[in-house]
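One letter stands for each residue in the lines below.
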Amino acid sequence: MHLRLLARQTWFGAFLAAILVFCFFAVFGGANGFVSLGGTAGWLNTAAELGIIAVPIGLLMIAGEFDLSTGSVVGAASIIVAISTSFLGMPVIVGILIALAMGVSVGLVNAALVHKTRVPSFIVTLATNFVVAGTALAVSRIISGSSTLSMPDAGWADAVFSARWNQMYISIIWWAIASAIAAWVLRSTPFGSWIFAVGGNNDAAQRAGVPVWRVKRVLYVWTGVSAAFVGIMTAIQFNQGNAVAGQGYVFQTAIAAVIGGVLLTGGFGSVIGVVFGCMIYGMITIGLFYTGWPTDWSQAFIGSLLVLAVLANNVIRDLALKSDTAE
Amino acid sequence: MTPQIKDARSKGIEVVLYNSGRTSWKELRAAAFIGKEPYQMGFVAGQSASANGLTNGICLNQVPANPVLQLRCDGYVAALKEAGGTGNTVILKSEDSNNSQKVRATVRSLLLSNADVNGILTLGAGLGVDAAEAVADAGKSDSVGVGTIDLSTKALEMIPEGRMLFAIDQQPFLQGHYGLLLAQQHVDFGLAPSNALNSGPLLIDAKNVEKVLSVGKEFPSVRGAN
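Residue numbers (this note's numbering), protein chains in the order written: chain A, 5 to 331; chain B, 54 to 279.
Only chain A is shown next, with the shape it has when bound in the complex:
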């Protein structure tokens, strides 16, 4: 009975899939250090940066919308911090605030465009992704003559954004905090119920008095700010801003959410599931290099493992639901 309750949690499938993936690489890459502290830090660091964005993306997808503009926001935020501190000589806090404000603006613009045009958010935010990337590139070249710029150490900001212990970055803690906040909002606040309602049936939610567009606007700002946060963090971690960085996040964030059990059509999912989804993605993309297998196959291999992870997740969820109705 206890187990059955556990299996009915929306994140349980992703949790088991994560265990399976971990065991897979522990067997085939364990001898080369996959389970060592350094090896664990490697995939956990990448999962953390992905996860800080993927968690709010998961909320937005549960509410039935996409945001594919986060990749460009990461790059734009990183070049804003680098230009303002190293080229314009401003204190690092100013750069951070400008970058966060940029993230808020992109979120507001996304929400307004989706609302006003009624064009699917998949297309609208993909377009914003190009606009933000192009603008970041052009503006940084006008100001500094280059699209990548190194920046000096950032004092207090180094402690906040790039501290690390045994190769594990502080981003893992930020990821945990971001996930805890999101999980609390989704499970324990009226706003969380609205997210499910909007994604489950938009029109019904509207008729029931849910402020649909306010919910989506808040979520778009949340994803934009989270992406800006990651951009700021990477700029300070690696002492470099890059206007075209971050494009990997465009689809990886949505992929991690889906692996974590979020339904592509909205209305279903959990924050803990997305967290496991990010871990799975991190382990699969980094773990392969521990196996020593030829890397020409890496893309095919990553794709196959992703499908297997999602299938395992679905099978477990269906089993749980079936055993429930049989009772």
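It should be emphasised that the hints constitute simulated quantities derived from the structure, not laboratory data.
As the structure is a prediction and not an experimental result, all values here were calculated from the model.
We put the beta carbon where it would ideally sit given N, CA and C, even for glycine.
Stretch by stretch, here's where chain A covers chain B in the computed footprint (C-beta under 8 Å, at least three residues): (1) 146–153; (2) 159–169; (3) 196–208.
Calculated from the model, a selection of chain A residues having no Cβ within reach of chain B, i.e. all distances over 12 Å: (4) Leu20; (5) Leu101; (6) His119; (7) Arg122; (8) Gly138; (9) Ile146; (10) Val164; (11) Asp207.
Taking CB as the label site, the calculated pair distances span: (12) A:Trp169 x B:Leu234: 52 to 58 Å; (13) A:Asp162 x B:Gly106: 31 to 37 Å; (14) A:Ile23 x B:Val121: 38 to 44 Å; (15) A:Arg168 x B:Ala118: 33 to 39 Å; (16) A:Phe134 x B:Glu271: 33 to 39 Å.
Here the structure of chain A is known, so what remains is to put chain B in place on it, guided by the hints.
Below, chain B alone, put in the same frame as chain A:
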């Protein structure tokens, strides 16, 4: 660009190719070509690596299926093998090549899982910086040597610090400068070199990096590094 070049030639407009077009410039009836020799860029990198005692190298290719990048990696591996060592190409996902965290985790994993590897070549300066940092994180600065193709100020600054062995320069400034000269001399005087001109590779290592860095400070656009 082939259709536009053919179109220009059919209208009697003279064409000079630079940077890319090494294999097709004569066929397209261009007056001249100046550019890098991609295989040689990798080969010089491999020679420099073995001269520094490296015997087992990995070439990180972040744009799989790009023939020019593949040639660079082939050249690196061939030079290592010629010196009695060995080498391999490892494919990075293109979309992640700007993600420093991922590049570093990847390089660390490669070093952990291939204990014999003592050389890394990257095909971009940003990747080179990430690779050098990853080598330090893995505690292998003493045994593993990193080199890169193409320049950035940060990558160049790592050379005198001993964290980067070399950077291979294709000297893009020369491509633009001589490209224009070639065009002008061909149109005004009917002059043209009979072979493709090589603007690179130029090996930048501890011996000549100070000069490159000081030029970069005084004339930021000449070295093409930032």
